[in-house]
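For chain A, the structure is supplied; the task is to place chains B, C and D on it using the hints.
Number of protein chains: 4
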Amino acid sequence: MPASPIDSALYRDLFHDAEVGTLFTDSAEIRAMMLVEGALAKAQAAHGLIPDTAAAAIDRAAREVQIDPAALSKATGQNAVVVPAFVAAFRAAMNAPEHAQYLHWGATSQDIMDTALVLRLARLLAIQQDRLTTLARALGTLAGAHAELPMAGRTYGQVATPTTFGAVAASWGAPLLRHLDRLAELKPRLLQVSLSGAAGTLSMMGDHGPGIRAALAQALNLGDPQASWHSTRDGVAEFSGWLTLVTGTLGKIGEDLLVMTQTGIQEITLGTGGSSSTMPQKTNPVLPSLLVALARQTNALNAAIQGAALHRQQRDGAAWMVEWLSLPQICIASARALAAATEIAKGLDPVPGRMRAGIDDGPGLIYAEALSFALAGIMPRPEAQQAVKALCQEAAATGTPLAALAAARWPEAAPPGLFTPEAQLGLAPAEARAFAKAARAL
Amino acid sequence: MPASPIDSALYRDLFHDAEVGTLFTDSAEIRAMMLVEGALAKAQAAHGLIPDTAAAAIDRAAREVQIDPAALSKATGQNAVVVPAFVAAFRAAMNAPEHAQYLHWGATSQDIMDTALVLRLARLLAIQQDRLTTLARALGTLAGAHAELPMAGRTYGQVATPTTFGAVAASWGAPLLRHLDRLAELKPRLLQVSLSGAAGTLSMMGDHGPGIRAALAQALNLGDPQASWHSTRDGVAEFSGWLTLVTGTLGKIGEDLLVMTQTGIQEITLGTGGSSSTMPQKTNPVLPSLLVALARQTNALNAAIQGAALHRQQRDGAAWMVEWLSLPQICIASARALAAATEIAKGLDPVPGRMRAGIDDGPGLIYAEALSFALAGIMPRPEAQQAVKALCQEAAATGTPLAALAAARWPEAAPPGLFTPEAQLGLAPAEARAFAKAARAL
Amino acid sequence: MPASPIDSALYRDLFHDAEVGTLFTDSAEIRAMMLVEGALAKAQAAHGLIPDTAAAAIDRAAREVQIDPAALSKATGQNAVVVPAFVAAFRAAMNAPEHAQYLHWGATSQDIMDTALVLRLARLLAIQQDRLTTLARALGTLAGAHAELPMAGRTYGQVATPTTFGAVAASWGAPLLRHLDRLAELKPRLLQVSLSGAAGTLSMMGDHGPGIRAALAQALNLGDPQASWHSTRDGVAEFSGWLTLVTGTLGKIGEDLLVMTQTGIQEITLGTGGSSSTMPQKTNPVLPSLLVALARQTNALNAAIQGAALHRQQRDGAAWMVEWLSLPQICIASARALAAATEIAKGLDPVPGRMRAGIDDGPGLIYAEALSFALAGIMPRPEAQQAVKALCQEAAATGTPLAALAAARWPEAAPPGLFTPEAQLGLAPAEARAFAKAARAL
Amino acid sequence: MPASPIDSALYRDLFHDAEVGTLFTDSAEIRAMMLVEGALAKAQAAHGLIPDTAAAAIDRAAREVQIDPAALSKATGQNAVVVPAFVAAFRAAMNAPEHAQYLHWGATSQDIMDTALVLRLARLLAIQQDRLTTLARALGTLAGAHAELPMAGRTYGQVATPTTFGAVAASWGAPLLRHLDRLAELKPRLLQVSLSGAAGTLSMMGDHGPGIRAALAQALNLGDPQASWHSTRDGVAEFSGWLTLVTGTLGKIGEDLLVMTQTGIQEITLGTGGSSSTMPQKTNPVLPSLLVALARQTNALNAAIQGAALHRQQRDGAAWMVEWLSLPQICIASARALAAATEIAKGLDPVPGRMRAGIDDGPGLIYAEALSFALAGIMPRPEAQQAVKALCQEAAATGTPLAALAAARWPEAAPPGLFTPEAQLGLAPAEARAFAKAARAL
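Chains as they are written, first to last, in this note's numbering: chain A, 2 to 443; chain B, 2 to 443; chain C, 2 to 443; chain D, 2 to 443.
Isolated chain A, as found in the complex:
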């Protein structure tokens, strides 16, 4: 019953990501909550808060018990949170009330749900780090291989000056390196247990609270926040913002590819393409379109999550629900986008002839800036700019190449060598190679 096509059997090969999606299934959520409750019981027993035998029984059950998500649904609908029904079902399944009564001792729903979420985000972050690295390397390979392949740089869609395809690939990849840095920075802020009890004071654990929280963190290989973050959601919001940055970077790649693959431009071939239901010739740039769509969607949902930072008092059901409605989607969407971008990066081929054609379009106006600087040797630069501007209009109107017009007027100042892409690449090859090197070093 897909509200989101990510959850659809029909669209799953388009939108879903199997590896990351598995972190957000109902059973994964229940499983993670069980692990948290099990670890909590052990930490509490170690501090003498609950009996060792009870903790052992809870911990064992946490690995063995099966709980049917659908069986919890009705109570979840009434309570807004799944934990009351989950705890009841867990206790019942333990079939040992003398131990089961110590389950969830002094914890609150948010402790269990948030910690169970973070447990899975830890896995997600590792996946995303891998994927970012893989994608950066794939783009680095492109950047290195095509560091000197000339193509037209474009601003406002108009030919500007030459650049290289390697430099373009480097511009796609460079933000990924920064996203990896950002990921490393936010990780310790995000990957923390939540354990603060009913209203954030952990009062039912007495003096043992801090020790138990530290032990829980250690057991789950997460950080210890040393305070409640029930109502301070900046860690979640920061992560959502990071996902938005990542998909934004990938969306820019998608936008570039959509214009580069246009009929009549065709500077790039993608390894794959989509068929039409009626047009036999079509190979649509499906994956670039997907990158743009996922970026737009992630951005929209990020706004919901940022808004949920206005979390009222010690717990705000509405703000918290907004996180549930949005976060899994953008986790999966970003993972799908990373996979799609990598598939693109590994499959695409630049088309040097078409890139050259983009530079050498009829009048060759791409050399106008270079000509204006060359003329600045024989006249003041403002005059040179005006002269070249006039010449460009003549070239456009007559179709005579700018190079020919310039050679006729200023044979010495405008030698033919000026009007070659190779003479005008500037730092493009160097930037491409520098990125390739940085990506290899990941």
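Every clue listed holds true.
Each pair may be met inside one copy or between any two copies, as identical chains are not told apart.
Listed below are the simulated DSSO-like cross-link pairs for lysine-lysine, each with C-alpha atoms no more than 27 angstroms apart in a straight line:
1) 347 to 75
2) 390 to 347
3) 188 to 438
4) 75 to 390
5) 347 to 438
These are computed hints drawn from the structure, not numbers from a lab.
Frame of chain A, contents of chains B, C and D only:
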């Protein structure tokens, strides 16, 4: 595999809406596409474009054939759209290639998917109209029953002047009447077939295009747009905006209830409430929280859909995908919100004593404006305002009611009758009754 | 001090709209509030609530008094609303305390500010209606003049089948006709006075409230809501949504023009273009970029306004402030966008040769669908599609036009006449002419 | 002509921030661009690209020349960017064409505008760091002073368990410490010069490009990106996301204060409050409302900026304009929010009696969890929870305090000492003091 908790077995009783959700299942989408293809074939046969026997076979198959969504997923992932695989599977299932070849004759993917969507939106609109009407009536009942029940009007959270609970209920319901008007207005713009072929010109249907489109519209009980709307998405965007208005109105009800049910205020009891996993006393206002969450979520996704109105050229895969990612969610979310609001409206009870306590909080400052106007009979109004302001400060500081202070100073101008809510209800009862009447008339 | 570049002297010719901007100046706001207070006083005198002489004095002062916005700023900062300081300044400027005391009698800040806003929105709606009409006509002229001018229809940026530039212009304009309908529908919901007193009950006007509100509405040529809309903001939110629809439609025009004016495509010339600070050849598509930017910005701010529909209790300062922060910007942005789109529509010229070149790009794959239908006369359609698909790949690989390959293989089924745009325009010319006619009829 | 009320003389004391606003005036933008051009000329002369005498003249002029923003407006409207007109005006004002021709040598508009923006953001970051520190300290003072002041913890608006006001203040402040860390991390990614020439290759500076860029960075005390960031906007987007996190944190403080200052709750008094135009008693929580409004607005505009990360090719006019339309507003809004929050933090007073009343509301259900754990000593915990749940219902129905009911039933397990806030504060005091210490250490 829930990216959205609406699709989760665990959370379905909280977020999902069974009646509306069924419109957006994979099988519902496929079924709707089959109906469209069947109706199209019949319309084409009626105009002589394809053989009658083929149309009959296609139409019959459209009612009988079963297509497994999962079997279409791989090709959908490659093509971005489901239709190429769907048409191939449909043809194969017909087991009659001589007829099957006429399936999807001259149509394009977007024709089929958009018309299949609209077919289901027609059903959705009917449901939403019913629910809006039901909710408006339930609020009308509250407004009528409590038209004269005094409670404190609050601005910025501060007690302002008395109003009645009926007037508050009327303010919740009044926008719904306008939403029904808006729905009636947008309906003919939204509920239209799409049939325009590969790039919007319907060229493969020759001169029969307009006639076939009209016939298809008639067969499906939808409107005939008489033009392509492949790339003009204002109908979809308008509908998304309407859903946002509706959930915004319901979110405001949720916000009001969250403050009215606060411990210490408790002017309202909800028939239902959520339990805590650790606090025995809690009956959390789950449904009001849900209304707020669904409104925030719908608003966020609406921004994605509005952005998709920037649909490039004759078809923009990225923009179109954004609609898929967002529209079903807000259709279901809005339906859930309407159901939840109705459950609230039918279950809630005002608590007259608490409402009175909200008016008669210690110093009774709620009568300050009334006193200032009463004094305006014996002194200029600006002076009266200053005098009452000073008296309010005295009342707040000493705890002596404003009424007592005023009676001591201006016994004639400030009679005790002034300091009763009944004397200060203004138009509240009349507005409540007017809304109750309008709701009954729906 | 521009927080918004719309308010900047530097950027005003890019972003600002002089005609609409003048509605949102500080002095325009104050002037409008004065008109409201003046009309209110007269309506109250007519109902015997305040003395005739006071009303006459207030009304006269409302036309004559000058109030310096900056002088109200400090108190506005303290009160969040401008009205307390405005009323005090107005009273002081009247220099007749015996009359001035009757100013703002029984009204609240929101009554005055909202009514003063609506007064200006009434003017804005008239301007927008004019501009929409002008733009629709300009696009209608283009659609009519170029109804048969062939160009390549594109989906996913790829050449699909031929269409005409007139049909494209019609697709740009058709939503505008619907926006005009929507405007007519929302207008009576938006253009209403607000007069409901401190907490929505108008209690200080006794039995005269409804009559005074009706009289005020009549005097200001606005509607009478017959209820409070202090906290029901659907009228404002609906209008914001409409502005978003309008700018979305214009943004789509901008996106199309950005790709159509690209170097190497150049199907359109704009009458105007932007210069670069360093590249003499550049004529950047400034206005299309502006349309896209204004659409994105309006969409973002619309989300803020929709969120403000969650307006708590009888007045919610935070939600109301959000409206102030967002609404004027999108009013001006939409007006600027309409002006820019009209400038574009009047200045642009299609370039028939480039459009033809877009169709006749090397292999001529644009005719693939037509060929497949032609072949469906001699073989089953699925086979025809496969055969044409193979031929397209051959054409792309070899550069031999599809027409030549087809003629060699199926000389009778694939006559040369098939491979001309004129044979494949479908309904494009008719849709173009129909829109042109509808636009002329506005 | 305020499109934004931040730019309004009327609303400036509410929305504007004088210190930060001054960074975004037209003249500040022009001044910053002049400094960039001056520093660029000197760096170029040092590398022999332009004559020393020209550089000296340009640098001197950059400090002396006055350029009228309004005089650049018309050309800015045509070019979309201000730089062509700015360079022309700068050259004319130099009155020395032989030197002026070397101005802006090989740079592009985006280099100058982005570097001029970053120069001002450097100042902004310093201000924000100061304000965050000041606010954190003010909250730390509150947290320390009231570490043991009991108040009701609330979840879903319902009383949960006791906490302390110090712990609440700590929860407001704790994210600020993380925001300071985030600021330190993003700073080197944001504060970088842009110098990459027409299409990102810096081709007109020959081999000297990297050296000149490094020298420019050093001269302006900014970082050297060693690559083009014309089209990779993650630095700007990250900063926008950070502003959203900051205002979100402050918005949460605002939301809490709005509920805490409600009539009937009144746990907090603000030092300041807003007056009503008609209600003498009102002291509206203006600044908390403002915090919420600025957070909502910043979130909306952040979505626009994140969307602008989809920046097409080597320069995307539309995406760039969206940044201009949004970024200054949220810079000023966040600064205003920090100032307002600090004013609140320094002016507010908790009202211990009201806080106590919030805990000791009639039936004292706040102790239900504690009682259930106390009873867990004499019966299994699930039974204890059920027993307390039943007792809570009895207490609520009869008004008899839970403590009395419990004492009657389980005199030993439920001693009176259990039902005091002091016995139930848990970690609240310790968390408050820990934050106070951390804030003092800033």
